[in-house]
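Please model the entire structure based on the sequences and the hints provided.
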Amino acid sequence: MENLTEKQLLGVKMMHEFFGQDLFDALKANSRDDLPSKVGAEYIAETCFSSYARPGLSFQQRSLMNIAMLIALNRGPELRIHIRAALNNGLQEEQITEACRHAMVYCGVPAGRDALSVASEIFEERKLANKRAEGAKLS
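Here UniProt numbering is used: the first residue of the sequence shown is 1, the next is one more, and so on.
Don't read these hints as lab results, they were simulated from the structure. All C-beta atoms, glycine included, are put in the ideal place defined by N, C-alpha and C. Incorrect hints may appear among the rest.
In silico DSSO-like links for lysine-lysine, alpha-carbon gap of 30 Å or less [what the hints assert, rightly or not]: (1) Lys38 - Lys28; (2) Lys137 - Lys127; (3) Lys127 - Lys13.
Computed spacing ranges between beta-carbons, pair by pair [what the hints assert, rightly or not]: (4) Ala129 - Glu6: 32 to 38 Å; (5) Ser51 - Arg75: 14 to 20 Å; (6) Asp22 - Gly76: 30 to 36 Å; (7) Gly90 - Leu9: 21 to 27 Å; (8) Gln21 - Val109: 34 to 40 Å; (9) Glu121 - Ser31: 34 to 40 Å; (10) Gln21 - Arg80: 16 to 22 Å; (11) Gly20 - Pro55: 20 to 26 Å; (12) Glu6 - Gly56: 34 to 40 Å; (13) Lys7 - Phe123: 19 to 25 Å; (14) Lys7 - Ser31: 17 to 23 Å; (15) Arg75 - Asn3: 29 to 35 Å; (16) Arg126 - Arg54: 27 to 33 Å; (17) Gln61 - Asn30: 38 to 44 Å.
What follows is the structure, encoded as structure tokens:
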């Protein structure tokens, strides 16, 4: 993204803070370098993430809202990103799991079960990564 507006720059800053360095870098590395992708990224920075600078909700609260909405919309790939962000923002596995469980009431059991499955995979990935990091420190 080049020649960004002030609002887009604010959005990029909020994305970086919300996702954390590692997830932000991974998302950036996996983005495509074509016109539609660039237009989409600029739009997301300007309209979505610039709003994260508004007062009233913490990143943790926004994370829980994002998880619930993504479950309702059945957006698995995006849900994966936002569960990782929620963990980076300090939410506990229990809180994320309870949000998925609670979503079953309003979104249906299949949507909630899919979300619980996604959460379980991410929790396991994170535990394995932490074990690898601990092993590397001991070496």
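Do the hints match the structure? See the list:
no., hint, verdict
1, Lys38 - Lys28, "11 Å, holds"
2, Lys137 - Lys127, "15 Å, holds"
3, Lys127 - Lys13, "28 Å, holds"
4, Ala129 - Glu6: 32 to 38 Å, "36 Å, holds"
5, Ser51 - Arg75: 14 to 20 Å, "18 Å, holds"
6, Asp22 - Gly76: 30 to 36 Å, "21 Å, violated"
7, Gly90 - Leu9: 21 to 27 Å, "25 Å, holds"
8, Gln21 - Val109: 34 to 40 Å, "36 Å, holds"
9, Glu121 - Ser31: 34 to 40 Å, "22 Å, violated"
10, Gln21 - Arg80: 16 to 22 Å, "18 Å, holds"
11, Gly20 - Pro55: 20 to 26 Å, "21 Å, holds"
12, Glu6 - Gly56: 34 to 40 Å, "21 Å, violated"
13, Lys7 - Phe123: 19 to 25 Å, "35 Å, violated"
14, Lys7 - Ser31: 17 to 23 Å, "19 Å, holds"
15, Arg75 - Asn3: 29 to 35 Å, "30 Å, holds"
16, Arg126 - Arg54: 27 to 33 Å, "29 Å, holds"
17, Gln61 - Asn30: 38 to 44 Å, "27 Å, violated"
In this structure, the earlier hints numbered 6, 9, 12, 13, 17 are contradicted, and the remaining ones agree with it.
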